[in-house]
Structures are given as C-alpha cells and as structure tokens.
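Q: Protein chains in written order, with the numbering used here: chain A, 12 to 483; chain B, 260 to 496.
Quick caveat, the hints were computed from the structure, so don't treat them as lab data.
One should not assume that every hint holds.
For the chain B half of the interface with chain A, some residues (derived, Cβ under 10 angstroms), not all of them [to be verified]:
# : residue
1 : Leu321
2 : Pro340
3 : Thr343
4 : Asn367
5 : Gly368
6 : Gly472
7 : His490
Yeah, the Cβ is synthetic: ideal placement off N, Cα and C, and Gly gets one too.
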Amino acid sequence: MKRITIEPVSRIEGHAKITIQLDDQGHVAGTEFHVTQVRGFEKFTEGRPYYEMPGITARICGICPISHLLAASKACDAIMAVRIPPAARKLRELVHCAQIVQSHALSFFYLSAPDLLLGMNSDPATRNVLGVIAEHPELARDGIELRKFGLQVVEGLAHERVHPSWIVPGGVAAPLGAQARDHMLSELQSAKAIAERSIRFFKGALDNYKEEISVFGAFPTMYAGLVDAKGNLQLYDGSLRFRSASGEIVEDQVAPEDYKQWIGEASLRESYLKAPYFMPQGFPGGVYRVGPLGRMNAADRCGTPAADAEFREFHERFGVVAHSSFLYHYARLIEIVYALERIEALLHDPQILDTHVRATAAVNALEGVGMIEAPRGTLIHHYKVNEEGAITWANLVVATGHNNLAIGRSVQQVAEHYIDGTKLNEGMLNHVSAVVRAYDPCLSCSTHADGSLAMRIRLVDPEGKLLDEVAN
Amino acid sequence: MAQKKLSIRIDGQLISAEEGQTILQAAKANGKYIPTLCALDGLTPVGACRVCLVEVSGVDRLFPACTTPIQEGMSVTTNSPRLTRYRRMSVELLLVERNHTCAVCVSNGHCELQSMATALGVNTVGFAYNYPKLSVDMSHPRFVLDHNRCILCTRCVRVCAELEGAHVWDVTSRGIHARIVSELNEKWGQATSCTNCGKCVQACPTGALAEKGWAVEEMVKKIGTVTSLVHRRGVQV
Numbered sequence: 012m013k014r015i016t017i018e019p020v021s022r023i024e025g026h027a028k029i030t031i032q033l034d035d036q037g038h039v040a041g042t043e044f045h046v047t048q049v050r051g052f053e054k055f056t057e058g059r060p061y062y063e064m065p066g067i068t069a070r071i072c073g074i075c076p077i078s079h080l081l082a083a084s085k086a087c088d089a090i091m092a093v094r095i096p097p098a099a100r101k102l103r104e105l106v107h108c109a110q111i112v113q114s115h116a117l118s119f120f121y122l123s124a125p126d127l128l129l130g131m132n133s134d135p136a137t138r139n140v141l142g143v144i145a146e147h148p149e150l151a152r153d154g155i156e157l158r159k160f161g162l163q164v165v166e167g168l169a170h171e172r173v174h175p176s177w178i179v180p181g182g183v184a185a186p187l188g189a190q191a192r193d194h195m196l197s198e199l200q201s202a203k204a205i206a207e208r209s210i211r212f213f214k215g216a217l218d219n220y221k222e223e224i225s226v227f228g229a230f231p232t233m234y235a236g237l238v239d240a241k242g243n244l245q246l247y248d249g250s251l252r253f254r255s256a257s258g259e260i261v262e263d264q265v266a267p268e269d270y271k272q273w274i275g276e277a278s279l280r281e282s283y284l285k286a287p288y289f290m291p292q293g294f295p296g297g298v299y300r301v302g303p304l305g306r307m308n309a310a311d312r313c314g315t316p317a318a319d320a321e322f323r324e325f326h327e328r329f330g331v332v333a334h335s336s337f338l339y340h341y342a343r344l345i346e347i348v349y350a351l352e353r354i355e356a357l358l359h360d361p362q363i364l365d366t367h368v369r370a371t372a373a374v375n376a377l378e379g380v381g382m383i384e385a386p387r388g389t390l391i392h393h394y395k396v397n398e399e400g401a402i403t404w405a406n407l408v409v410a411t412g413h414n415n416l417a418i419g420r421s422v423q424q425v426a427e428h429y430i431d432g433t434k435l436n437e438g439m440l441n442h443v444s445a446v447v448r449a450y451d452p453c454l455s456c457s458t459h460a461d462g463s464l465a466m467r468i469r470l471v472d473p474e475g476k477l478l479d480e481v482a483n
Numbered sequence: 260m261a262q263k264k265l266s267i268r269i270d271g272q273l274i275s276a277e278e279g280q281t282i283l284q285a286a287k288a289n290g291k292y293i294p295t296l297c298a299l300d301g302l303t304p305v306g307a308c309r310v311c312l313v314e315v316s317g318v319d320r321l322f323p324a325c326t327t328p329i330q331e332g333m334s335v336t337t338n339s340p341r342l343t344r345y346r347r348m349s350v351e352l353l354l355v356e357r358n359h360t361c362a363v364c365v366s367n368g369h370c371e372l373q374s375m376a377t378a379l380g381v382n383t384v385g386f387a388y389n390y391p392k393l394s395v396d397m398s399h400p401r402f403v404l405d406h407n408r409c410i411l412c413t414r415c416v417r418v419c420a421e422l423e424g425a426h427v428w429d430v431t432s433r434g435i436h437a438r439i440v441s442e443l444n445e446k447w448g449q450a451t452s453c454t455n456c457g458k459c460v461q462a463c464p465t466g467a468l469a470e471k472g473w474a475v476e477e478m479v480k481k482i483g484t485v486t487s488l489v490h491r492r493g494v495q496v
C-alpha cells in the first residue's frame with residue numbers, strides 16, 4: 012500500500028489537500044479530499060447583534076464577500092420580517108450579478124485558463140496567469156477587462172470593491188445615482204462583447220477536452236439551484252430545485268426556510284468541510300452538485316435571450332442533464348453572459364434610481380434564513396436570535412460544501428484514470444488538481460484561506476519512506 | 260471679582276491663564292492642541308485614558324493635562340518624542356485590553372479611538388492581545404452596550420450623572436476586571452432610572468454604546484449635541 016498526498020492544492024481559493032491510497036499493484040484504492048483549516052464563524056458570532064452578521068460573515072471571503080453580505084442580509088430581513096423596497100431588491104440583484112461576472116472571470120481566466128490553454132502537461136513554471144498572458148495576450152486582456160468591469164459595477168454601487176458596507180439588513184444603505192448608472196452602461200457593451208468572444212472561443216476548443224469531459228467527474232448525480240416559479244434561473248431570489256440524474260424534478264420550490272427538510276449535513280473524517288446531502292436519499296447516496304453546472308441542470312432556461320441561446324446549445328451538446336464537472340467551465344461562461352444581460356436590464360429599469368432603498372424594523376421573528384446563488388452555488392445563512400436580537404445559533408451552508416461529496420468522487424475518478432502508482436509525473440498531478448479547480452471551490456468560505464501556495468505530491472510507502480516527489 | 264491670572268509657558272510660549280484652569284483648558288484657550296480621548300467639554304475630567312500626558316519642566320514624571328491645574332511659572336511641553344511614545348503606548352494598551360475589531364464595528368470610520376490611533380501612528384501593537392470573553396447587553400429597546408469595544412473612558416457615566424442627572428451608569432470592579440454597569444448591575448433594559456435620552460451613546464467615543472440596528476460603519480455619533488448642550492446650559496465644572 013502506498014499513499015500519495017497533494018498538499019496544498021494550488022490555484023483554488025483556500026487550502027486543501029488530497030490523499031490518494033494505492034494498492035500493492037499501484038492502482039488507486041481510495042481517495043480523500045480534505046479541507047484542512049477551521050474557522051468557526053457559526054460559533055463566535057453567538058451573542059452578537061443580528062444586524063452585524065452581514066459585516067462579520069462578509070469577512071469569510073475576499074473573493075465573493077457580496078454573497079455573504081446578501082445571504083446574511085436576507086436572513087436579517089427575515090428576522091425583521093420586512094419586505095425590502097423594490098429598488099433595494101433590484102440594486103441587490105445588480106451588485107450580485109456584477110460579483111458573479113468578476114468571480115467567474117477570476118475562476119476561468121486566472122485560475123483555470125492556464126490548464127485549459129497551456130495544457131495540463133505544460134511546464135508548471137509557466138502554467139499560470141503570466142503564461143496565459145505570454146501565449147494568449149488577447150484572451151488574458153479580455154479576462155482582466157471583464158473582471159475589472161464586474162468590480163467597477165460593485166464599486167459604483169457599494170463604493171468599495173471588497174467588503175463594502177452598503178448591503179444592509181432591510182435593503183441597501185444608499186440609492187444609485189444617474190451618473191453612476193450611466194457610467195456602468197457605457198462600459199457594458201464591451202463587457203458583453205468579451206463574454207461573447209470568450210464563450211465562442213471555448214466552444215471552438217471543446218473538442219480538445221474530450222478526454223477531460225469523459226473523466227472529470229463524469230458520473231450521474233442530482234443537481235440543485237434556485238429557480239423562479241416558472242423554472243427560470245435565479246441568482247438572488249427564488250426557491251430551490253433538485254433535479255435527478257435522469258432529468259426529473261425531484262423537489263421544486265423549496266422555500267429558504269424549509270432547507271433543513273431536504274438538506275442534511277454530515278461531518279467527514281479528516282476534513283473541516285461538512286458534506287451536505289439530499290436527505291431523502293441519505294448519506295452518502297444523496298450526492299448533488301451546485302454552482303454553474305448545478306444551475307444549468309436545475310433550471311429550465313435562463314430567462315434572457317443570449318444566455319438562453321447558449322443554454323439550449325449547451326443542452327443540445329450534452330443532454331438534458333450534463334454530468335461532467337469539466338462543464339463547470341462552460342456553464343460559468345454562460346452565466347457571465349446571463350449576468351451581463353441582467354445587469355443591462357436592471358440598469359435600464361426606471362425604478363433602479365428610486366431613493367427608497369431601505370426598510371427598518373426591530374426583531375419581529377426569532378429565526379431567519381437567507382438563501383442565494385453565490386458564484387459557486389447555493390449559499391444559505393440561517394440564524395436564530397433571542398428577543399433582544401442577539402444571535403443564539405447560526406448555521407451556514409456554503410456553496411463548496413454542497414459539492415464536497417461530488418468533488419471527492421471526481422478526485423477518485425480522475426485518479427483512477429490517470430494515476431499509475433509506479434511512477435509519478437507532473438501532468439498526472441495536475442489532472443487531479445484541475446478537477447478540483449473545475450468546481451472553483453472556495454475553501455475560504457467553507458473553512459479558511461491562507462493564500463495559495465505551491466503544490467506538492469509525495470508518494471510514500473507504508474513505513475513513511477519517500478518513494479517519489481513532484482512539486483511546482 | 261476677576262479670576263487671578265497666572266503666567267505659564269506652553270511649548271515655550273508665554274501664556275496668561277486663569278487660576279484654577281487645567282493645563283488642557285489653558286492650552287485650548289490659547290489654541291494649543293493636546294490629544295484627548297476620555298475628556299469631553301463640560302464633563303468633569305477624570306484622567307482615565309492617559310493620552311493627554313504632558314511634560315512639566317523640573318518634574319520627571321508625566322502629567323495628564325486634563326486633570327492637572329496650572330501653577331504660576333509652570334512650563335509645559337505638549338509634544339516630544341517621549342510623549343508620542345507614551346501616548347502611543349496608552350492607545351496600544353487600550354487596543355489590546357478588549358476586542359476592538361474595527362472592520363466589523365458599527366463605528367468604523369467614525370471612532371475616536373480609531374482616529375487617535377491613526378493620528379499617533381499606531382500601525383502595529385507591541386503588546387499581546389488580551390482577547391477577553393465579554394458580553395453584549397442588547398436588552399435596551401433602542402441602544403446596545405458592547406463591552407468588547409469599551410475603553411472605560413467613563414464619558415457615559417459622567418454625561419448621565421452630570422448632564423442628564425439620571426446617573427444610570429457606574430463602574431464596577433477594579434483594574435482589568437472593571438466594567439461599565441447600569442443601575443447596580445441590572446440589565447440596561449431593566450434600568451428604571453434610564454430616561455432613554457441617548458446622551459451616553461452620543462458621548463461614547465467608540466462603538467461600545469450604539470443605537471440598535473445600524474450596520475457596520477453606520478453609527479455616526481452626534482457628539483456636538485452633547486457639547487452644545489453643555490454650552491447652552493453653561494455647565495461649569
């Protein structure tokens with residue numbers, strides 16, 4: 012028996028390690044995906060005033076703090092039992108779409124493009140965003156521009172790019188001005204052109220990735236995502252839908268406050284990341300995937316013209332339910348198209364400049380749940396408070412958590428396909444990491460982030476003797 | 260009868276000040292800046308924060324300007340490397356004593372402790388953080404007391420007793436265990452003497468006392484309402 016450890020997995024947000032167990036013949040006997048750090052937000056927020064939760068939980072992550080701000084504020088809205096003003100709802104969706112654009116652009120162009128464009132077996136010294144800039148300067152520039160656009164919209168609305176204090180319980184802190192709106196609109200068309208160019212490029216290159224598509228988490232699971240009453244994709248509002256591997260809707264219109272009836276949370280050995288599962292199918296059978304692929308599979312359509320055309324083409328290529336996790340990249344690009352169309356529609360909405368953007372109230376309910384679609388999937392914040400408004404209990408179900416079981420199984424599939432235990436090589440190492448990257452996991456959200464470091468795989472025998480080692 | 264005038268020097272400049280004035284009052288009256296944190300116009304000075312420390316010629320130890328009365332011929336230095344070092348240390352000790360997490364505080368950007376730390380160049384803290392486990396009193400319908408952010412300046416105690424006349428607040432225990440308490444250690448919401456006027460909240464230099472419901476960075480204190488009230492009523496201390 013031999014054990015291979017990949018630690019840490021690089022170019023993801025947060026810290027993880029992968030353990031691969033080999034049998035005596037050098038075949039993969041088992042794999043484990045560990046998230047190695049603990050954070051404790053659910054515990055140390057006990058006793059804090061509920062209305063501080065958006066500000067505190069936003070600190071979970073610097074990549075998509077907007078997601079936590081929104082989910083926390085929605086949970087607080089529920090505790091206050093207020094219906095937030097229509098303009099506030101639209102402004103929240105607007106900032107959310109901008110965040111989706113910047114976060115997806117980061118995942119695709121900065122983190123995954125090195126694997127996709129330079130090749131999984133290319134020199135690790137240049138297999139990074141700088142390598143992409145050298146080899147494909149146009150595409151790299153597009154990625155940077157697209158992310159900049161998303162961040163500029165966030166800044167235009169919230170005045171800060173990271174951890175803004177603009178999203179508050181009851182709505183948002185300040186209305187949008189006409190000048191700021193016009194500035195966003197002036198930049199929008201070039202962002203749309205980039206999104207269109209990028210997805211065309213990716214589709215043109217799909218044939219190069221046939222092998223990856225067939226082994227990167229290509230197994231049937233359920234999928235989950237928020238949809239509206241008509242089955243359209245939703246990012247900010249909506250109810251949760253579970254679709255089975257064969258395409259039937261298993262559960263639909265699950266309201267945020269009912270999530271616990273359908274989602275169970277298991278604790279895994281050697282990982283600080285909990286593993287949510289679909290309760291009726293039990294653990295570990297109730298595997299489902301969320302995030303861009305989950306949403307593309309759960310929804311019936313996107314609800315905006317260009318994204319709907321892409322949505323149809325996606326399903327024509329890969330069926331009603333697309334099972335390969337490699338297609339997260341594809342789904343991410345479709346969602347960028349969708350988010351930009353939503354940004355355009357919202358900016359043209361006359362109500363978007365309305366100055367009534369905040370509802371106020373004290374504690375009217377002792378429990379509140381906020382649910383949104385974060386870039387990486389469904390995010391749930393659930394709080395209980397006492398009558399004075401102090402948090403007595405908190406539970407966060409984060410996007411990457413939902414995907415935990417699927418990531419584990421994908422690692423196993425890729426390892427079985429690529430790893431021959433007699434000798435390690437760089438390309439094999441990177442395939443295992445690349446499948447994790449396809450999910451764009453945010454381990455900072457799920458537990459803790461320490462920055463991204465180099466990757467190292469060690470092959471040791473049962474006595475702990477180092478047999479082989481590769482690192483970048 | 261006119262107050263007796265005394266001659267003193269502040270930073271070398273000859274100043275004529277009234278007998279009975281503190282160094283801080285004399286300095287202010289003559290346009291000299293001395294940093295302060297616990298002092299508030301119109302309230303009895305207590306010398307709690309040690310940020311207003313000054314040097315007096317001929318004496319080795321430092322004096323708090325807010326509580327030290329002037330004397331004829333006194334020569335005061337309000338700024339020196341030594342004073343900056345001690346003032347910075349005082350602020351650092353305030354920061355390590357409790358849990359001042361600016362990023363998620365309702366008073367972030369509007370906090371006197373934060374601005375004082377910035378002004379004194381406190382960009383690192385040289386002492387170990389204390390990380391005490393402290394409670395938050397949310398029992399009042401409109402206001403919150405968060406002991407994590409309290410620096411024991413006692414402005415709330417004084418403004419309530421001296422200006423509102425209710426004397427809801429006091430300090431219990433000693434040293435590191437000292438805490439602000441309302442009405443003989445009742446929860447604030449149960450304090451029958453509290454008039455809900457909110458002067459303590461507006462006078463508080465940090466986010467320790469805040470209006471309920473404001474999110475991060477939203478609690479802007481209206482300290483001018485407290486000090487202008489002092490001047491209108493002509494409160495003399």
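Q: Give a verdict on every hint.
A: For each hint, the structure was consulted:
no. : hint   : result
1   : Leu321 : violated (38 angstroms)
2   : Pro340 : violated (36 angstroms)
3   : Thr343 : violated (31 angstroms)
4   : Asn367 : holds (8 angstroms)
5   : Gly368 : holds (9 angstroms)
6   : Gly472 : holds (6 angstroms)
7   : His490 : violated (32 angstroms)
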